[in-house]
Amino acid sequence: MILICLIAVLLAGGVLAAISARWNAAMARWIALASTVIDFALVLFIWINHAGQIALLNSTAWLEQVNWTWIPQLGIHFHLAIDGLSLLLLALTFFVGAFSILVSWTEITESIGFFHLNVLWILAGIAGVFLAVDLFLFYFAWELMLVPMYFLIALWGRERRARAAVKFFLFTQAGGLLMLVAILALYFFHYRSTGVFTFEYVDLLNTPLTASTALWIMLGFFAAFAVKLPLFPFHTWLPDACSEASTPVCVILASLLAKTAAYGMIRFLIPLFPNAAREFAPVAMALGVVGILYGAVLAFGQTDLKRLVAYTSISHLGFIVLAVFSWNELALQGAVMTMICHGLSVGALFILIGALDARIHTRDLDRMGGLWSTAPRLSGAALFFALASMGLPGLGDFVGEFLILLGTYRDHPVFAIVAAIGVLASTFYALRLIQRAFQGPNVHRVAMPDLVYREGFVITLMAGALLWLGLNPQPVLRTFSPALHALETTVQIHRQ
Amino acid sequence: MLQLLWLIPAIPFLGALILALVGRAFSRRMVAVVGVGSVAIAAGISLAIVPAALALQAPYTQVLWTWMNVAGFRPEIALYLDPMSFLMILVVTFVGFLIHLYSAESMEQDEGYSRFFAYMNLFVGSMLVLVLADNLLLLYLGWEGVGLCSYLLIGFWYKDSANGLAARKAFIVTRVGDTAMLIGLFLLFHNLGTLQIQDLMHRASVQWPAGSPYAIAAAALLLGGAVGKSAQLPLQTWLPDAMAGPTPTSALIHAATMVTAGVYLIARTHVLYSLAPQVQFAVAVVGAATLLLAGFSALTQPDIKRVLAYSTISQIGYMFLALGVGAWAAALLHFMVHAFFKALLFLAAGIVIDALHDEHNIFRMGGLRKELPIAFWTFLIGGCSLAGLPLVTAGFFSKDLILWNAWASPHGGLGLWVVGIAGVLLTALYTFRVIFVVFFGTRNTPVTHRPRYRVIVPVAVLAALSLVGGLVKAPLLAFLNSALPALVEVRAGFLTELLSAIVSGLAFATGLGSAYLFFIRKRQYADALAASSAGRRLHAFWLADWAFDWFYDRAFVRPVVWMAAINRRDAIDSVFNAIAWLNRSAHFTLSRSQTGSLRWYAAVIGAGAVIFAGVILLA
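Line by line, the protein sequences give chains A and B. The letter at position 15 of the first sequence is residue 17 when you use our numbering, and the numbering goes up by one with no holes. The letter at position 614 of the second sequence is residue 1041 when you use our numbering, and the numbering goes up by one with no holes.
Please keep in mind that the hints were generated in silico from the structure rather than gathered at the bench. Incorrect hints may have been included.
Unchecked claim - So, partial list: chain A residues that the calculated Cβ filter (under 7 angstroms) puts toward chain B:
(1) Glu331
(2) Thr429
(3) Val454
(4) Pro477
(5) Leu479
As the list claims (entries may be wrong) - To be clear about the criterion: a stretch of chain A counts as covered by chain B if any three or more of its residues have a C-beta under 8 angstroms from a C-beta of chain B, and this derived list gives those stretches:
(6) 372 to 385
(7) 401 to 415
Unchecked claim - Reference listing, derived: stretches of chain A covered by chain B, where coverage requires no fewer than 3 residues with Cβ under 8 angstroms from a Cβ of chain B:
(8) 227 to 240
(9) 298 to 304
(10) 389 to 397
(11) 439 to 447
(12) 467 to 475
All values reported here derive from a predicted model rather than from experimental measurement. Don't be surprised by glycine CBs; every beta carbon is placed ideally from N, CA and C.
The task is simple: from the sequences and hints, build the whole structure.
Encoded structure:
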């Protein structure tokens, strides 16, 4: 029941915010913030409530679930379920979601009600993706993320926002449709071999498929996930979308939407098609590694800060693909860790860039320099998250990437070594960013106020979380490891 | 007492945290109290555990918490105290404290006073984690942490872009080595199943035969990290530029402690190197080559700090030479002594630089012997110890031991010994070049600032240590050899320990004499030599560090920058833009056919019918 609440609070909060904004704009903001905070509290409640069950390693049962029949004739269920993996990703969603509402506090001044409706409905879609274990429902949630995001880019962005919004829509929709075809194909193949119509994840896991059929169906899923992540070479919508969209939207795009794709790979793609995925792994891993290096080099060349961070994001997400397709415990745990930490570090970077943009009305590195002397707190914070992004030990991103590389090395040493060079490449762009924006002479004589308390609060919490994840990741690792273990066991059985 | 061990790194970290969060609101006095006080407490605790550490029968491990526990990979946040790490923490905290005290005065006028101490405290904490780490992952955390602080402090005066460039260069070049080291960690964990150093060494010696390819690869990859951090060939290029940072930083990070981390890493993992004799030999060769190359470069530098930087590279070359011949304890002895005299030299040079209004060029100094007696005497003592003035300086004893071992060790030989002796001559020559040019001759720049007690006390203490530090040689070696295998001397031949020492003394005297000849008696000889065509070319070549920068710039920096610049707009996007363009063109083409003219439609229908009929008939 609590799972229904998670989604209902967001959907209702969105409608409520939209209505209340007619009278009072501040009200809409507070309602939106309250909805995300309530959801975060609910997730924490589930976490604490099931701490005992989580501590039992090898417990494969769901922590909570709801299963309602939706359209029985077609075997469609409204089936939500949560395990340690979904739990932590939901926690990330609401943590970052609340912050994206907080940073929009002064940036968004038009159609405030509709803005918050869209933000909360996207968060609902994301939560649905992390919770759905019925493939029809999963697809429904997947598409639920799409429309509000289109509006968010198209209505609150910069000059070329319409083009960016259409680009985003076409890319993700193309991927999404291929996934729909794949889901339906799987559904019918399952019916043909068992005589049962079902979209139920657990049932579909056992669908017998010939190798080539499995490969084709898997590619349908892969298309949707690769575009959404985004994986090289399907990444070009992200820099455009990020450079046109407003700050909270960038945060959601890079921190959260990307994670739904990574989650989809871990939860659905590999377990549903273990053997096809194994055959396809070299291709996917090669794309991941190329993406790591390509994103890093592109980031090094950018002068627009949001594009720069978008490319770093592409680089980091390559690590996740590498990990998912190498599919061993070390790499997978690293992948989930990277999903969480990347969500925090890239989100914080976008927030800081938004703060900078709001003050000096530019994101162009060529028009910055020497900002440290005028805004030391903002600059110091940017340095902190740039260091996190370049994988400095002691911060969370390092734990994730180290585990990924350690795990990948086991079966694919060459990929791991090339990806390690990607870690080195992250030094180039991170240091360049810091140097060009905050150090050197302040040639443009920029003077600006430092972070205000609201921004400082958000940034401090995110920095604290990264430090905690970097130095004591064990509680988090322990929470999602039973879920990953269960998935691995499933795959293990099917691969034999 | 040993339970306090965790406080030694924790207190400097706490100091850094306080200064970073609220340091801006503090008065300068308060900043100094927190910044210097935290390291003083760490040094105090290190001293307090001396009796307990000396009485230790077996190494002491303090487990703080489990860092992560994933699929059998279980690194802990744990500290490991044995003679080697104990020596390191003593030197780091004690020299660190003296340098912090010195900075409290020398940096007092700087606007970034609290930022400076925050970075310095963070450095001390990270360095202590590095040396105390019980597993390679925690060591790597400290390793990257000190690299970060080095970057932050080289670029401390960030308003000058040149400093930022030097800082980035340092970070990136060392991270090239770190990447090799990281891959080394993957290899070690994959093959041996742990990163806990003692287990690792034990398993390596059990599972891998001598000369095993795994051992060779692992040792070589760790060596990559070590040459980066310790500025050895071929990654030495960052250290001279790192002198852009404040002088206390150069003393602490780029002379006494961080740059010797590579030496510590190799000594810590010496079992791997014993299993990979080829790599161990490579360590000796790297050390020997570096000590010569850097010695020649030091001869030509006009910037006093760059001379000292090359001298650091060269002296670490001696330590690598010692490691390469298996004289582990000798390398660590030289590390300790070097920390004393090189920190002293930097701090004394700092007095001169501050006194002359930030003048770095030795040829604009001159005649300062009377004006700055403290700087003169302490620099002289440090210089004598560096060059190895026989019998009275600590540097002589530690270097002499390395030279003798370079010959006597089973891995040594005449070639390594000769290079070492040549290095002694070079060292004396470039050291006394600086001393004669800076402190003798005519005065070129007026003295505007004189040191007070917070600067004088640290240099005095370090000067004393640079002289008497050699007295602890025998007990220290015995102490270290309880953790490290002692060197077995196999070679005697015509060379005895005494003869080696005499030759090294003669080399010192020759260097000193030549410096006297060229820079005091017959300055015109030096000028004529430098002005000759061959001399000019050689001078320029050595001044530019044997053209390493020139080569790296063309081989690595420019291609990467070029690649990023040329593809700024992302070539992949043009593929998708092409698809969009194709659709739009198709749309325009087809919509243009919709003219509304009935005759045109009729003609097209007719033509189409004919073509279809033709196709059907012919097919």
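Evaluation of the provided hints:
| no. | hint | result |
| --- | --- | --- |
| 1 | Glu331 | holds (4 angstroms) |
| 2 | Thr429 | holds (5 angstroms) |
| 3 | Val454 | violated (16 angstroms) |
| 4 | Pro477 | violated (10 angstroms) |
| 5 | Leu479 | holds (6 angstroms) |
| 6 | 372 to 385 | holds (count 5) |
| 7 | 401 to 415 | holds (count 9) |
| 8 | 227 to 240 | holds (count 4) |
| 9 | 298 to 304 | holds (count 5) |
| 10 | 389 to 397 | holds (count 4) |
| 11 | 439 to 447 | holds (count 5) |
| 12 | 467 to 475 | holds (count 3) |
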